[in-house]
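Going down the list, the protein sequences come from chains W and V.
Take the first sequence: its position 215, counted from the start at 1, is 373 in my numbering, and no numbers get skipped.
Take the second sequence: its position 85, counted from the start at 1, is 243 in my numbering, and no numbers get skipped.
Hints in this document: simulated from the structure, not taken from any laboratory.
Be careful, since some hints might not be right.
The list treats identical chains as interchangeable, and a pair is accepted whether it falls inside one copy or across any two copies.
Capping the alpha-carbon separation at 35 angstroms, the derived lysine-lysine pairs in DSBU-like fashion look like this [claimed, not checked]: (1) LYS382 <-> LYS415; (2) LYS297 <-> LYS250; (3) LYS160 <-> LYS297; (4) LYS368 <-> LYS297.
2 protein chains.
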Amino acid sequence: MKEKLTIIKVGGKIVEEADTLNRLLNDFSSLPGYKLLVHGGGRSATRIALQLGIESQMVNGRRITDAETLKVVTMVYGGLVNKNIVAGLQAKGVNAVGLTGADMDVIRSVKRPVRDVDYGFVGDVEKVDAEALAFLIRKGVVPVMAPLTHDGQGHILNTNADTIAGETAKALAAIFDVTLVFCFEKKGVLSDENDDDSVIPVLTPDLFKKYVEEGIVKEGMIPKLENSFSAIDAGVAQVVITSASSIGSGAGTIIRK
Amino acid sequence: MKEKLTIIKVGGKIVEEADTLNRLLNDFSSLPGYKLLVHGGGRSATRIALQLGIESQMVNGRRITDAETLKVVTMVYGGLVNKNIVAGLQAKGVNAVGLTGADMDVIRSVKRPVRDVDYGFVGDVEKVDAEALAFLIRKGVVPVMAPLTHDGQGHILNTNADTIAGETAKALAAIFDVTLVFCFEKKGVLSDENDDDSVIPVLTPDLFKKYVEEGIVKEGMIPKLENSFSAIDAGVAQVVITSASSIGSGAGTIIRK
Chain W
159 MKEKLTIIKV GGKIVEEADT LNRLLNDFSS LPGYKLLVHG GGRSATRIAL QLGIESQMVN
219 GRRITDAETL KVVTMVYGGL VNKNIVAGLQ AKGVNAVGLT GADMDVIRSV KRPVRDVDYG
279 FVGDVEKVDA EALAFLIRKG VVPVMAPLTH DGQGHILNTN ADTIAGETAK ALAAIFDVTL
339 VFCFEKKGVL SDENDDDSVI PVLTPDLFKK YVEEGIVKEG MIPKLENSFS AIDAGVAQVV
399 ITSASSIGSG AGTIIRK
Chain V
159 MKEKLTIIKV GGKIVEEADT LNRLLNDFSS LPGYKLLVHG GGRSATRIAL QLGIESQMVN
219 GRRITDAETL KVVTMVYGGL VNKNIVAGLQ AKGVNAVGLT GADMDVIRSV KRPVRDVDYG
279 FVGDVEKVDA EALAFLIRKG VVPVMAPLTH DGQGHILNTN ADTIAGETAK ALAAIFDVTL
339 VFCFEKKGVL SDENDDDSVI PVLTPDLFKK YVEEGIVKEG MIPKLENSFS AIDAGVAQVV
399 ITSASSIGSG AGTIIRK
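With the rest of the complex left out, here is chain W (with noise of 0.2 angstroms):
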């Protein structure tokens, strides 16, 4: 039987406010077993950028990343970001271990071609390194991941902290048993948006493609379910998707076969 591997992703919100964040660390800490985190921070990202004259774009929610904007990211998101939730974790007796996709060549990505919109240094996750990860993991070191790749010619890109989430958490399924938790506002798929206490306590594809036509599932939660029945698709075995209140507490909307 392959033990267990809880894989949290977390939106820039939380880990940029010192509340959030430390209550974060609190409840991720607290997690037994092994675990694995990711992270975002592009309202970090955008302050800074703005701060030093950088304006951001951004097309269908993703920001166009252009060379001055890919440093800001790599500074933010792999420095800022990234080195104090580690050292907090640490603080926290969990031993993290920050990296981006360079890093041990964990995430290998192709810049993303121009086709409607050119993104600019923006990567498309191309592979996994599974492996590596599992070498610190089961070490009992904790990988803090920031939503960069690399594309093994020497350049940085940046990737969106779900897929990196997705896709590591597809790679690993491999060697363990994982739980990929998607952290957002609410505490889980909603069948009223106006009610935050509706949450759907379990979706299968069935269910969803039911929700979807009722109207009841809409817009940006659609792809982020397909993701996540892809990832199940992939051998992952569930994925849940709550608020960061509640990691760890059972709640939030459990996405099944």
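Fit chain V to the supplied structure of chain W, relying on the hints for placement.
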């Protein structure tokens, strides 16, 4: 017999310019055997701080690190400079991992007590975890260390890169046969400051004492050499002072017992 390990320390100037960085990456990747790189990044930190409207205050060549400056060095050393070196080395086939002292708790420090000068968030090294570094090194992973440590209580601290290199060399000397190479602008310790080719090939404690008395070795070179002899006393096999462009060539000044 212990296995050999080469620790190279390069200053900011080398790693911040594309030409010299690329040459360093080539030379470093050609070095045989186990190796570890320690880098600075002060010039980039000063430049980014200036762009962010933060003035860099230096006392005795050390940066006064207030809260805002700490953010800058965490971004620049831990993110921008470190990750570009790591991605660059990966492109040369070197399986690098970027580390601050917080990562895997490799270097714990204490905030420098305020005496004549309040250096702010600056760390004096307390403990290097040689076992954690050796765990990576023996796997064929090459640590690339940024000049940042942590206090074990959640705070990153700015730490001199020469000190990181020296303390890391001392700790790893218990496990490996360590050669510590300090790269700077000149080809070695010069007997005539106006002649770049007047490199003193070997320095022993007696010769060092003699050269200091004769005024041949002076100023900033004295603490650098005192640090080198302290590393030798702590078990480091040899210390080499040379230029970045002479790495691996055997040139430079060798410091021995």
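Taking the hints in turn, this is what the structure says about them:
no.	hint	verdict
1	LYS382 <-> LYS415	within (16 angstroms within a copy, 63 angstroms between copies)
2	LYS297 <-> LYS250	both (18 angstroms within a copy, 27 angstroms between copies)
3	LYS160 <-> LYS297	both (16 angstroms within a copy, 24 angstroms between copies)
4	LYS368 <-> LYS297	neither (44 angstroms within a copy, 50 angstroms between copies)
Against the hints set out earlier in the document, a violation occurs for number 4 only.
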